[in-house]
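Novice: Letter by letter, the chains look like this.
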Amino acid sequence: MSIFSKFLTGMSFRTTTPTFEAGEEIEVYVTELDEESGELVALVGETRLYFENGEADIVGCRVLAKVESFDDAEHRGRLTHLKTLSQGSF
Amino acid sequence: MSDTDSGDGTEIEEISGPDVEAIEFYGGRWMSVIPIGLFILWAIVQSGLFGIGDTTGLVAGMLVALIVGMFFAKGDWKNYANTIFDGMTKRVAATAVVAWLWAGMFSNTLQAGGFVGGLVWAANAAEVGGALFPAATFILAALFTTGIGTGYGAAVAFSALFFPAGILLGANPVLLFGAILSGAVFGDNLAPVSDTTIVSAVTQDADIGGVVASRFKYAIIAAVLALAAYVFAGNAMPGLDISQQAQDLFVQNSEPAGLLHLISMLVVIVTAVMGRHIVEAISWGLVVAVAFNIVFGLAPLSAVLLFKVPETSSAASWAGSLPIAEVVAPQNAGVTGSIYNGAAGFFPLIVLVLLIVAGSEIMIRGGGFEAIQEWLLENVATGVRKAETTMVVGTALVNSMITINTAAEIAIAPYIARIGQRYNINSYRRANILDANTSALGYIFPWGGGVLIGFATLQGLPNQYEWFTSAMVVNPVQVWPYVFHGWFLFGVFLLSALTGFGLEYTTDRKSKDVTRL
Numbered sequence: 001m002s003i004f005s006k007f008l009t010g011m012s013f014r015t016t017t018p019t020f021e022a023g024e025e026i027e028v029y030v031t032e033l034d035e036e037s038g039e040l041v042a043l044v045g046e047t048r049l050y051f052e053n054g055e056a057d058i059v060g061c062r063v064l065a066k067v068e069s070f071d072d073a074e075h076r077g078r079l080t081h082l083k084t085l086s087q088g089s090f
Numbered sequence: 001m002s003d004t005d006s007g008d009g010t011e012i013e014e015i016s017g018p019d020v021e022a023i024e025f026y027g028g029r030w031m032s033v034i035p036i037g038l039f040i041l042w043a044i045v046q047s048g049l050f051g052i053g054d055t056t057g058l059v060a061g062m063l064v065a066l067i068v069g070m071f072f073a074k075g076d077w078k079n080y081a082n083t084i085f086d087g088m089t090k091r092v093a094a095t096a097v098v099a100w101l102w103a104g105m106f107s108n109t110l111q112a113g114g115f116v117g118g119l120v121w122a123a124n125a126a127e128v129g130g131a132l133f134p135a136a137t138f139i140l141a142a143l144f145t146t147g148i149g150t151g152y153g154a155a156v157a158f159s160a161l162f163f164p165a166g167i168l169l170g171a172n173p174v175l176l177f178g179a180i181l182s183g184a185v186f187g188d189n190l191a192p193v194s195d196t197t198i199v200s201a202v203t204q205d206a207d208i209g210g211v212v213a214s215r216f217k218y219a220i221i222a223a224v225l226a227l228a229a230y231v232f233a234g235n236a237m238p239g240l241d242i243s244q245q246a247q248d249l250f251v252q253n254s255e256p257a258g259l260l261h262l263i264s265m266l267v268v269i270v271t272a273v274m275g276r277h278i279v280e281a282i283s284w285g286l287v288v289a290v291a292f293n294i295v296f297g298l299a300p301l302s303a304v305l306l307f308k309v310p311e312t313s314s315a316a317s318w319a320g321s322l323p324i325a326e327v328v329a330p331q332n333a334g335v336t337g338s339i340y341n342g343a344a345g346f347f348p349l350i351v352l353v354l355l356i357v358a359g360s361e362i363m364i365r366g367g368g369f370e371a372i373q374e375w376l377l378e379n380v381a382t383g384v385r386k387a388e389t390t391m392v393v394g395t396a397l398v399n400s401m402i403t404i405n406t407a408a409e410i411a412i413a414p415y416i417a418r419i420g421q422r423y424n425i426n427s428y429r430r431a432n433i434l435d436a437n438t439s440a441l442g443y444i445f446p447w448g449g450g451v452l453i454g455f456a457t458l459q460g461l462p463n464q465y466e467w468f469t470s471a472m473v474v475n476p477v478q479v480w481p482y483v484f485h486g487w488f489l490f491g492v493f494l495l496s497a498l499t500g501f502g503l504e505y506t507t508d509r510k511s512k513d514v515t516r517l
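Same order as they appear, the protein sequences are chains A and B.
Here the first sequence stands for residues 1 to 90, numbered as in the numbering used here.
Here the second sequence stands for residues 1 to 517, numbered as in the numbering used here.
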């Protein structure tokens with residue numbers, strides 16, 4: 001990223017429901033374990049990304065994940081947990 | 001540091017921190033809030049009610065709070081005591097401490113080299129009158145604070161030099177004091193060497209250079225609005241009728257050579273933007289500043305470092321011939337100079353911050369932190385817009401209660417991180433929300449540390465100038481509506497939270513290593 005773009009990034013009004021492409025690798029914090037479905041969830045804004053694998057002890061951790069599928073209309077996606085990178089800041 | 005298998009064949013890397021042992025409290029997990037809660041109460045009483053802006057007094061408050069909290073802990077108090085140690089040795093605190101020490105040495109060396117005098121000279125050369133003087137003061141205080149990174153230092157320097165000059169030129173005193181505080185807000189928010197910038201970055205896992213670049217857009221929007229407000233108000237609000245020789249004061253304090261330190265500032269800023277380590281970047285700035293002081297005669301080497309050798313010392317006979325030593329009476333012995341004073345100025349704040357982090361650690365292990373967070377997430381921050389608004393208002397509220405803004409920032413930082421990470425709000429955005437509101441609110445309310453430090457400086461002016469009367473001193477209660485940049489910065493972030501302007505997610509871009517600028 002150039003120095004110029006560092007200053008300009010984010011100069012826009014961002015949606016609460018960002019979208020993703022299948023095959024994309026993303027870093028996300030794991031938000032919670034959904035009690036109803038028993039699946040791990042990462043909220044990106046109000047977009048819900050469900051993990052197809054991973055244990056409950058990574059809730060709150062920053063992980064590398066691959067987007068397997070994404071539904072633009074429902075703002076829902078499915079992820080594969082690839083690697084846990086770090087815990088949250090606190 | 002431990003590597004753990006996540007159960008699906010992937011490896012957990014960089015999971016840090018010791019094995020934590022929970023602390024149980026009589027009365028439940030909410031009681032673990034006692035150390036931090038008691039400290040906030042102490043801070044409100046000491047600085048808000050009594051008007052005492054003494055950081056060491058807050059250290060005493062945190063010590064008392066930690067002791068009181070211990071009596072509510074169940075079982076062996078050894079666990080409670082060890083938690084204090086664990087908190088105080090956290091990397092987040094250590095990183096801030098290192099940065100403050102370097103930033104303190106640098107800023108003090110610039111002041112020793114007459115940087116403020118150079119800025120005064122520039123204002124004089126530009127023939128700025130009373131109506132425009134507050135606007136010019138805002139710009140120069142903002143530049144100065146951005147260079148040295150300490151709004152408190154700017155509040156002192158500008159209250160001592162710009163305030164009397166502005167009064168003599170016919171500027172409105174309340175507006176002028178507001179402009180000085182606004183400049184302090186701007187620099188505290190934006191400077192890479194600012195303590196609040198450093199804390200906001202390291203607590204949110206963001207690199208300082210990226211944080212500064214990403215917050216520029218918010219700072220400039222607020223600054224342009226504030227500048228326009230100072231120009232308008234400067235023409236609308238009359239000054240005091242003083243027919244004294246304003247030029248005399250300017251000439252007395254003006255030294256254009258001090259402007260050479262703009263290069264020292266640039267060295268730090270450019271090195272920072274190039275992504276070098278914080279210690280390295282500021283060290284280069286310090287080396288250049290010391291060299292300029294000596295080569296261009298801005299300040300002698302003894303202003304940077306001076307050993308005051310007691311005449312009873314066996315080395316007294318030859319030490320006096322050194323450029324960094326002088327022989328003094330035994331009761332005056334010691335070390336001084338900008339390197340010494342710059343670092344020492346942060347000692348009380350360093351101790352306070354370590355103790356506050358310890359208190360936070362007790363609250364985390366006692367469950368109080370989790371309880372507050374659950375309440376916020378379930379009742380307040382129920383969507384990303386509400387979460388961001390909660391972060392903005394929460395930071396502002398804590399800063400309106402704890403008057404040492406860096407201490408307040410550290411106290412609220414874990415909540416900003418947790419709430420923000422829940423919605424995967426980018427670390428830059430979290431750091432920006434945290435720092436902007438910390439910087440703004442710390443210089444607005446009458447009991448704010450920055451306001452009190454400036455006020456204390458103004459109170460000393462009647463002793464310095466014959467024409468300056470006590471009636472010219474601005475009461476902190478008068479100034480809060482006129483800290484325009486602070487209010488606009490808070491407003492920009494409130495609107496940003498409500499509309500999504502500037503919002504970035506963790507998936508949008510990655511921060512670099514947190515310990516790099």
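Treat the hints loosely; a few may be bogus.
Said to hold, decoys possible - Using 25 angstroms as the maximum straight-line C-alpha spacing, the simulated DMTMM-like pairs for lysine to aspartate or glutamate come out as follows:
1) K510(B) - E46(A)
2) K6(A) - E74(A)
3) K6(A) - E25(A)
4) K6(A) - E39(A)
5) K66(A) - E21(B)
6) K217(B) - D508(B)
7) K6(A) - D72(A)
8) K510(B) - E68(A)
9) K386(B) - E68(A)
10) K308(B) - D241(B)
11) K6(A) - E32(A)
12) K510(B) - D72(A)
13) K386(B) - D72(A)
14) K386(B) - E52(A)
15) K510(B) - E35(A)
Worth flagging that the hints you see were computed from the coordinates, not collected in a lab.
Novice: Going straight from one Cα to the other, do K510(B) and E46(A) come out at no more than 25 angstroms?
Specialist: Cα-Cα ~20 angstroms, so holds.
Novice: Would you check the hint for K308(B) and D241(B), treating anything up to 25 angstroms between C-alpha atoms as holding?
Specialist: violated, 46 angstroms
Novice: So if I understand the rule, the pair passes when the alpha-carbon distance is 25 angstroms or less; does K510(B) with E68(A) pass?
Specialist: holds, 21 angstroms
Novice: Given the hinted pair K6(A) and E25(A), is their Cα-Cα distance within 25 angstroms?
Specialist: holds, 22 angstroms
Novice: What's the verdict on K6(A) and E39(A), does the C-alpha distance respect the 25 angstroms limit or exceed it?
Specialist: violated, 36 angstroms
Novice: Are the Cα positions of K66(A) and E21(B) separated by 25 angstroms at most?
Specialist: Violated, because 34 angstroms separates the two Cα atoms, which is more than 25 angstroms.
Novice: Would the hint linking K217(B) and D508(B) be met if the CA-CA limit is 25 angstroms?
Specialist: This hinted pair holds, its Cα atoms lying about 17 angstroms apart.
Novice: Is the hinted pair K6(A) and E74(A) satisfied, with a Cα-Cα distance of at most 25 angstroms?
Specialist: violated, 32 angstroms
Novice: Within a Cα-Cα threshold of 25 angstroms, do K386(B) and D72(A) meet the stated pairing?
Specialist: holds, 23 angstroms
Novice: Between K6(A) and E32(A), does the CA-CA distance stay at or below 25 angstroms?
Specialist: Judged against 25 angstroms, a Cα distance of about 31 angstroms means the pair is violated.
Novice: With a cut-off of 25 angstroms on the C-alpha distance, tell me whether K510(B) and E35(A) pass.
Specialist: Distance ~30 angstroms between K510(B) and E35(A) Cα, so the pair is violated.
Novice: Holds or violated: K510(B) and D72(A), Cα atoms, limit 25 angstroms.
Specialist: The hint holds at about 24 angstroms.
In the structure shown, a violation is registered for the earlier hints numbered 2, 4, 5, 7, 9, 10, 11, 14, 15, in ascending order.
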